[in-house]
Each structure stands twice: as C-alpha cells, then as structure tokens.
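J.: Letter by letter, the chains look like this.
Number of protein chains: 2
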Amino acid sequence: MENFVFQNPTKILFGRGMEDRVGEETAVYSKNILLHFGGGSIKKTGLYDRVTASLKKAGVSWIELGGVKPNPRLSLVHEGVELVKKHNLGLILAVGGGSVIDSAKAIAMGAVIDHDVWDFYLGNGEPKAALPIGTILTIPAAGSEASTGTVITNEDGWLKRAVNTELIYPRFSILNPEQAFTLPKFQVACGITDIMAHLMERYFTNVPHVAFTDRLLEATMKTLIVHAPLVLEDPKNYDAWAEIMWAGTIAHNNLLNTGRIGDWSSHDIEHEISGIYDVAHGAGLAVVFPAWMKFVYKHDINRFAQWAIRVWNVDMDVFDTERVARTGIERLEAFSRSMGLGTRLSDLGIKGDRIDEMADKCTDKGTRTFGSFVSVDRESVKKILLLAEK
Amino acid sequence: MENFVFQNPTKILFGRGMEDRVGEETAVYSKNILLHFGGGSIKKTGLYDRVTASLKKAGVSWIELGGVKPNPRLSLVHEGVELVKKHNLGLILAVGGGSVIDSAKAIAMGAVIDHDVWDFYLGNGEPKAALPIGTILTIPAAGSEASTGTVITNEDGWLKRAVNTELIYPRFSILNPEQAFTLPKFQVACGITDIMAHLMERYFTNVPHVAFTDRLLEATMKTLIVHAPLVLEDPKNYDAWAEIMWAGTIAHNNLLNTGRIGDWSSHDIEHEISGIYDVAHGAGLAVVFPAWMKFVYKHDINRFAQWAIRVWNVDMDVFDTERVARTGIERLEAFSRSMGLGTRLSDLGIKGDRIDEMADKCTDKGTRTFGSFVSVDRESVKKILLLAEK
Numbered sequence: 436m437e438n439f440v441f442q443n444p445t446k447i448l449f450g451r452g453m454e455d456r457v458g459e460e461t462a463v464y465s466k467n468i469l470l471h472f473g474g475g476s477i478k479k480t481g482l483y484d485r486v487t488a489s490l491k492k493a494g495v496s497w498i499e500l501g502g503v504k505p506n507p508r509l510s511l512v513h514e515g516v517e518l519v520k521k522h523n524l525g526l527i528l529a530v531g532g533g534s535v536i537d538s539a540k541a542i543a544m545g546a547v548i549d550h551d552v553w554d555f556y557l558g559n560g561e562p563k564a565a566l567p568i569g570t571i572l573t574i575p576a577a578g579s580e581a582s583t584g585t586v587i588t589n590e591d592g593w594l595k596r597a598v599n600t601e602l603i604y605p606r607f608s609i610l611n612p613e614q615a616f617t618l619p620k621f622q623v624a625c626g627i628t629d630i631m632a633h634l635m636e637r638y639f640t641n642v643p644h645v646a647f648t649d650r651l652l653e654a655t656m657k658t659l660i661v662h663a664p665l666v667l668e669d670p671k672n673y674d675a676w677a678e679i680m681w682a683g684t685i686a687h688n689n690l691l692n693t694g695r696i697g698d699w700s701s702h703d704i705e706h707e708i709s710g711i712y713d714v715a716h717g718a719g720l721a722v723v724f725p726a727w728m729k730f731v732y733k734h735d736i737n738r739f740a741q742w743a744i745r746v747w748n749v750d751m752d753v754f755d756t757e758r759v760a761r762t763g764i765e766r767l768e769a770f771s772r773s774m775g776l777g778t779r780l781s782d783l784g785i786k787g788d789r790i791d792e793m794a795d796k797c798t799d800k801g802t803r804t805f806g807s808f809v810s811v812d813r814e815s816v817k818k819i820l821l822l823a824e825k
Numbered sequence: 436m437e438n439f440v441f442q443n444p445t446k447i448l449f450g451r452g453m454e455d456r457v458g459e460e461t462a463v464y465s466k467n468i469l470l471h472f473g474g475g476s477i478k479k480t481g482l483y484d485r486v487t488a489s490l491k492k493a494g495v496s497w498i499e500l501g502g503v504k505p506n507p508r509l510s511l512v513h514e515g516v517e518l519v520k521k522h523n524l525g526l527i528l529a530v531g532g533g534s535v536i537d538s539a540k541a542i543a544m545g546a547v548i549d550h551d552v553w554d555f556y557l558g559n560g561e562p563k564a565a566l567p568i569g570t571i572l573t574i575p576a577a578g579s580e581a582s583t584g585t586v587i588t589n590e591d592g593w594l595k596r597a598v599n600t601e602l603i604y605p606r607f608s609i610l611n612p613e614q615a616f617t618l619p620k621f622q623v624a625c626g627i628t629d630i631m632a633h634l635m636e637r638y639f640t641n642v643p644h645v646a647f648t649d650r651l652l653e654a655t656m657k658t659l660i661v662h663a664p665l666v667l668e669d670p671k672n673y674d675a676w677a678e679i680m681w682a683g684t685i686a687h688n689n690l691l692n693t694g695r696i697g698d699w700s701s702h703d704i705e706h707e708i709s710g711i712y713d714v715a716h717g718a719g720l721a722v723v724f725p726a727w728m729k730f731v732y733k734h735d736i737n738r739f740a741q742w743a744i745r746v747w748n749v750d751m752d753v754f755d756t757e758r759v760a761r762t763g764i765e766r767l768e769a770f771s772r773s774m775g776l777g778t779r780l781s782d783l784g785i786k787g788d789r790i791d792e793m794a795d796k797c798t799d800k801g802t803r804t805f806g807s808f809v810s811v812d813r814e815s816v817k818k819i820l821l822l823a824e825k
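Those protein sequence lines, which keep their order, are chains A and B. Numbering-wise (the numbering used here), the first sequence opens with residue 436 and increments by one. Numbering-wise (the numbering used here), the second sequence opens with residue 436 and increments by one.
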C-alpha cells in the first residue's frame, strides 16, 4: 500500500425529497448564485420548480445559465465566468449530470482569476482558489458530485482536457435516486459503464498489498452488475437506483484509490474517440476498456484472474489462470452487450481509417506516454484500437 | 435504503513517516495545545520524541496530560478540561488508541462549557461546540480516529456512557501501521474483534435494499479475517497491518452505515460487562456477540445466511438455510478462538452469579429496551448472557 492523504469534505444528502433542502444548504455559502444546468430536462421533470422554490424560501437569488451539452464546452464556461464576475455571484449550483457539474467546476475556478481557466486544463499553472460548488445529481455516472475532477472540451481543436484539484470538491451534493427514473436506457447503460470504468481504472494497479481496497472495489462492481438489469427493466425501481447512485459516487470520490495508483489509459484513449466522433463517454468506454484489457492482461494475469473470480464469478482453474482472466474480460463484454451497448469500434459506426489520428492525438504525436499499470505509447494505442476493431 | 446525510471531514494521513507531519497539521488550528496520551508506551516506542520534535519545528507549544486508561475515566477528563481552560489551549492532540481519543473528545467538548461534560453523556443537553481534535493512532480497534463517538466511564458508579456528535470528528488523524508493531497479541486480538463488531452491528439491520453497503461491510470483514493471522504470526508485517488499520477506520467512520440502521445491542451489553469486571472491550465482545447472534438469528435467517456465505465462505444449502446461518456463527467463534480469545463468560473468569445485576444495569432495572434489529429487554439480556455461559 502506498502512503496517502485522504479527505473528502463533500456533504452528501441522499434520498427522496432531499432537493427541497437545496436552499438552506446553498444559503450557508451565498445568497446570490449561478444556477447551472443542461438542455432543460429539469424543467420537464419538475426539478427546476422544486429547486427554485427551495432557493426562494431560503432567500437565495440566482442568475441562470443552461445549455450545458455532453462533453461540456469551454465557450459556455467562459459565459458562466462572465456572469459570475458581472453579478458578483458566490456559489455555482449545478443541477444535472457530470457534464453540468464539470462545467460548474470550471466556472468556479475561472471566476476567481484574471486569465483564461483553460490554462489550468493545459497544465499551465495551478488553481489557488475556487468559488464553492453545490450539486443536485440527475445522472449516476461521472462521479463528479464528490470528486476533484473536471473535464472540459475546447471546441477550438476539440481538445478534451482534465483538471484535478481538491479545491473543487462540491460543498454539498444532493442525490435523489428518483431523478434517474426518466433517463433513456442508452444513457443508463452509458452511466453504469462509466462507473464500472472508474472502478476498473483503480483496480488494475501495480501497487502490491491493496487487499482491502481491492475488496471494496469488487463489492462496488458487483453491486452495479446485480442492479443494472433491474433499472433497465424497470426505470422506476427506486431501490435499485439507490444502490447504483450511491455506488457511482463512492466509485469516484477518491476513497477507493487510497493507497493505490490507478491506470486511466482507457479513459485517455476514450477521450480522443469522443473528442473526434462525439460519441457518449460510456459507449466509448464499453469499446475501449475490453480492448485495453486484451492488450495488457498478460502483464498481471493473477490480478485479472482475481477480478474474474470475485467480480464475475468465474470458476478458478489453477491449471489455466490465463483462461480465467480472459473469461473475465468476456463477461465484461457480455455485460455491456446485455445493457445494449456495443463493444467494437464498428458498433459506434467508427471505421478504422482514423486510428492513426486518434493515436496521434492521445500521445501528442508520439511524444507522450500514459497509463500506470502498463505504460502506453503511440504504437500501443494503435494496437489497442485495432483490438477494438476485431 | 433509508435517506441519509453523510459528511466525514476528517483528514487521514496514512503510512510510514506521517507522524512527522503532526506539527504542520496542528499549527493550522492552534499553536498552544493539550498533548494527551496513555500509560507512557509512546515514550518507549520513540513516538513521543517524534511527535514533540514535529510540534517544536512547527512552533507549537503544548501542555501534557498522560495517564489515560482503557475504559477512559471521567476524572482525567475533568483534569484535562481544567488544563485547557487554565492555559487557554486551542486543540487536543490525542496520541494513542481509542481510549485516549475518546478522552480527548470529552475534553474538547468540556473545555467550551461551564457545566460538567458528563451531562452530555447522561443525555442532559447537547454539545453546541468543541475544540478541534487531532489524533495519532497507535491501536487499530475503536475507530474513534474518524468517528463521531466517545465513550467515557464515570468511576462514581462505574457508569459507561457514550456521546455521538459530528462536532468531535477529528480534524486530522495520522495512521502509521508501524505503530501497531509493538502491541501485545491479546490487544491485537481485542482490537480486531472490536472492528469486526463495528461491522456486524451495522450489518444486522432490518432496513431492506442495502445491497451496496452489505457488500462493503462484507469486504471489510473479509479483509480482517484474512489479515488477522498474518499480524498475529508476524507483528511487524507492515502490509497486513496497513489493511487492518485502514479497515478499522472505515469500519466506524459512518460510511458503512449510510442508509442503514445498526443494532448495537452487543455493544450495550458488553459495556456493562466491562463496566463491572473491567475486562477488555474486545474480549467482552468476543463473548457477547455470538451469544446475541444465537438469540436473534431466527429473526432473519436469510441475512445471517448471506453473512455466513459471503463473509465466512460457508456453502449455501438451499434446503437448510438455518444450518448455513448457524455455521456462520460457529465460524465467528472459531475465528475468535484462533486469535486466542474466549467465547464464553467463563473464559473471562465471569461466573453467572451477577447476570441479574448486568441485566439490570443494561436496562436501567428493566425500564429501558435497546437494539434495532431485535429489541432487547431485561429478560432478553438475561437469555443472551445465559447463552454466553453455555
């Protein structure tokens, strides 16, 4: 186990009716806020009305900025920063999924500086402060509601880049599983895939003696596998959604990587696919992750076998551990397909003709390697993408 | 799943050498503190020297109060409160196990009021504030390093009572598994039993649809079961201690009871045993918990069977679930014995002649019931203690 420092201050308010507490939670920090959301589905579901009623009751006034799209854009972040500065707002309230929350985090960092917040995403300088952020989660997926991360896409060149800093842990996040009832099945499948990916990125590590967090990760993965079919069959299954929603937060709130070093290659590669083709992040991960696994599993067959046995109930075969490991990967693919997702590039409508371009973008034309479990360079990315074609 | 609010702000600094950061972590809150510890073992191990060197380096001065005993006493808490008030100290630094930390929490609450802090333990009034607390943990057991709880014994009548409040979450806790290397085997076994008990108190619940936290609890129990023999065999096994120490914190930091309602009868009954006989808390739990289980398991045989299968690897027998459940309880007893602990009152040298007295004390002479999984009254306590005799 590696040494670590862990502190996650996000206050979680979980369950039915918790949206009605947003006013009082917000007022602790500011009475003059930015209300940030996406395409307007919160107005159809009635969430917008509940949130604004609660804000009013607590004496909180707000400026609105809707229109966040999946793979949230820098241009809207800039708009948000302008609004916050102009009206001297004190908190960004994100009502939506990971894209809205990531956008809110970018605005929170951008509002307290005089230069472009994109600088941080390019690795130029580090944020020193951020406005407080609150969230009301509507999509269990990204885990941004209790994480240190934000991923933004710059339309100028379609660059997708991340910032991680403890400054942007939300102060509070409100999680009501009912908010997930109206999600389209495809989005449900993508969200669950994203959560699984957060767990698998952490699981495949070279750090020895991580038995406890191994088991916590396995427990979380099993929870998703058991409950995914339940919510796909009955989108109003509160109890199953509650398991998935809480699992999605814990998957990404940094507890499950205490003492470990995660890999994150699959996320890096997927970011380039969704950057070029604008596919859903989860749909891309369902394709990239198994391909990455086929490329790396021989690096630590025992770890893959442990995962196959404990997470996928594959029978141990001490005489053929490699087959056990491969069966685990097959079960992951079968799980994705059972949720209606494809597991090959062709399922996303992607032909092989831009593999070189993706490999270039991932690796800054071959000058950058990434991945911790196995280091991945330009040639490796190409091999992984070829495995994703087969 | 029940609605819940969860926020644990304690900053964990985990691993080798982390004690050396105590000065800078302390100085964030105060430069004038109470250094609280137990019987002086920290001077033998060199921990005292490292801590005071770090404090000095950070410009922090301190007043010392050692002498905390297991089942920490109110009289010492009073001494601490006097010292803090007299010298206007700003933080209580607990260096030790759960008893030292619990004592520090009591002092932290008592230092900011004009009446006796024992009032809170009697349920008279609620704390409104507390001084900040920092800890350096030396015994993985009580989980007090990241919990809301403190248990104090009033020597006047040997009453052992608890307070729970978010005000006493430590601001930071330093966990270096090396600190556990010098613990006597008996104390190791008691500590692991205490951690197991924290998990089992949470596990046995009537709240339906708690699948995710079920699995997290099972994961944590399995981690303890696997690593306990390793540290008993080799007390300097850092890697095994790291798993146990982190599991011990997570077991009791309120994450694993999110959405659940725990039972806590076994703790309540054990408190009376250790109050009367001054036995070690863990040793008492190793006796009380299986007896409680034998008394209640028919209330929810499926839950006990799930526990037996997933935690103790008992084979499922769909034709005799009750036998599966009972086998789980037997394996728990075997686990305790494998660590050198007894599982009957007689193993603690306790004869049956004071069972009535214990039942009286537990239930305020029959006027109080407790327990959530199964409600326990005076007669039930007697039955449980009789099962602990067999």
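Among the clues, some could well be false.
Heads up, the list lumps identical chains together, so a pair's fine if it works in one copy or across two of them.
With a cut-off of at most 30 Å between alpha-carbon atoms, the simulated DSS-like pairs for lysine-lysine come out as follows [unchecked claim]:
#1 733 with 492
#2 733 with 504
#3 504 with 563
#4 563 with 492
Simulated from the structure, these hints should not be mistaken for laboratory data.
J.: Compare the structure with each hint and give your call.
T.: Evaluation of the provided hints:
1. In this assembly of identical chains, the alpha carbons of residue 733 and residue 492 never lie at most 30 Å apart, being 59 Å within a copy and 49 Å across copies at closest.
2. In this assembly of identical chains, the alpha carbons of residue 733 and residue 504 never lie at most 30 Å apart, being 39 Å within a copy and 53 Å across copies at closest.
3. Taking the closest pair of Cα atoms, residue 504 and residue 563 come within 30 Å of each other only inside a single copy of the chain (27 Å); across copies the shortest separation is 44 Å, beyond that limit.
4. For a Cα distance limit of 30 Å, the shortest separation of residue 563 from residue 492 across copies, 26 Å, qualifies, whereas the shortest one inside one copy, 33 Å, does not.
Checked against the numbered hints above, the structure violates hints 1, 2; every other hint is satisfied.
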